[in-house]
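Enquirer: The lines below spell out each chain.
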Amino acid sequence: MSLPKPVMRGLLGKRLRFHLPIAFTLSLAAAIAFKYTVTEPRKQAYADFYKQYDATKEFNAMREAGIFESVRPSGE
Amino acid sequence: MLASRALSLVSKRAISTSVCLRGGHGVAKVEDYALPVYFDRRENPLPDINYVQTLSPEQISLKEKEKGSWISLSNEEKIALYRISFKQSFAEMNQGSAEWKSVFGGVLFFIGFTGLVVLWQRKYVYGPVPPTFDDEHKAKELQRMLDMRINPVEGFSAKWDYENKQWKK
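The listed protein sequences correspond, in order, to chains H and P. Throughout the first sequence, residue numbering follows our numbering, covering 1 to 76 in sequence. Throughout the second sequence, residue numbering follows our numbering, covering 1 to 169 in sequence.
None of these hints come from the bench; they were simulated from the model. All C-beta atoms, glycine included, are put in the ideal place defined by N, C-alpha and C. Mixed in with the good hints there might be a few duds.
In silico DSS-like pairs for lysine-lysine, Cα to Cα no more than 30 Å straight-line [said to hold, decoys possible]:
(1) P:K168 <-> H:K35
(2) P:K168 <-> H:K51
(3) P:K29 <-> P:K65
Listed next, with one range per pair, are the computed distances between beta-carbon atoms [claimed, not checked]:
(4) P:K169 <-> H:T39: 22 to 28 Å
(5) P:Q166 <-> H:Y50: 20 to 26 Å
(6) P:K101 <-> H:A31: 37 to 43 Å
(7) H:L3 <-> P:T114: 48 to 54 Å
Output of the computed footprint for chain P on chain H, the stretches with three or more beta carbons under 8 Å from beta carbons of chain P [what the hints assert, rightly or not]:
(8) 15 to 27
(9) 62 to 70
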């Protein structure tokens with residue numbers, strides 16, 4: 001019965017040396033993925049929307065639909 | 001020879017009666033729960049007492065042999081000594097069981113039962129839903145949301161085609 005003596009020290013250090021680089025890489029990858037799948041398309045969508053946006057036209061359309069209380073549709 | 005025997009008898013009696021000499025109160029009874037107990041726990045490896053309290057004759061002789069050099073102990077004797085002191089080895093106490101299947105099954109069963117309870121409540125306890133939930137009211141609600149241009153960039157109104165008055169393909 002001569003089993004080898006098990007490792008008694010440095011267990012936390014070994015675990016950290018293994019897991020911390022993985023954790024950092026995965027977090028970085030998640031951040032980069034979120035940036036390029038969510039925030040960049042969103043910024044582009046807003047830019048495109050406001051490129052062709054006519055505020056007066058939109059306002060008049062909303063007015064005719066009758067949602068405002070201060071300005072009634074032009075017919076009334 | 002006889003005198004020493006008589007003396008040992010007297011001294012034994014003296015010890016056993018010394019308790020009663022203390023005003024007749026004696027010592028408090030020691031409850032079972034106040035004594036040290038044996039336990040198998042991974043985080044607490046050395047219990048307060050040995051597992052086997054009353055040794056058999058061969059165990060007593062083994063304990064005597066343990067007082068000598070340990071090289072002379074065979075493997076079986078070492079294991080026997082271990083089993084005197086401990087009930088389960090670490091491998092035995094750490095092994096998993098199949099209990100999780102019962103637990104998971106029970107959890108799912110009671111969630112299902114809760115679903116039935118909720119259905120019964122919906123039918124027999126709660127009153128009717130407000131009138132604004134019928135189709136005509138909901139259609140008016142949606143039209144008003146489109147008129148107000150709710151979320152026109154990426155959300156609700158962005159998916160509506162205002163020119164052709166239909167949802168964008």
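Enquirer: If a hint holds in the structure, say so; if it does not, say that too.
Expert: How the hints compare with the structure:
1. P:K168 <-> H:K35: Status holds; Cα separation ~27 Å.
2. P:K168 <-> H:K51: holds, 20 Å
3. P:K29 <-> P:K65: Distance ~36 Å between K29 of chain P and K65 of chain P Cα, so the pair is violated.
4. P:K169 <-> H:T39: 22 to 28 Å: holds, 27 Å
5. P:Q166 <-> H:Y50: 20 to 26 Å: Holds: the Cβ-Cβ distance is about 24 Å, inside 20 to 26 Å.
6. P:K101 <-> H:A31: 37 to 43 Å: Because 39 Å falls inside the window, the suggested range holds.
7. H:L3 <-> P:T114: 48 to 54 Å: holds, 51 Å
8. 15 to 27: violated (count 0)
9. 62 to 70: It holds, with 4 qualifying residues against the three required.
Hints 3 and 8, counting from the list given before, are not met by this structure.
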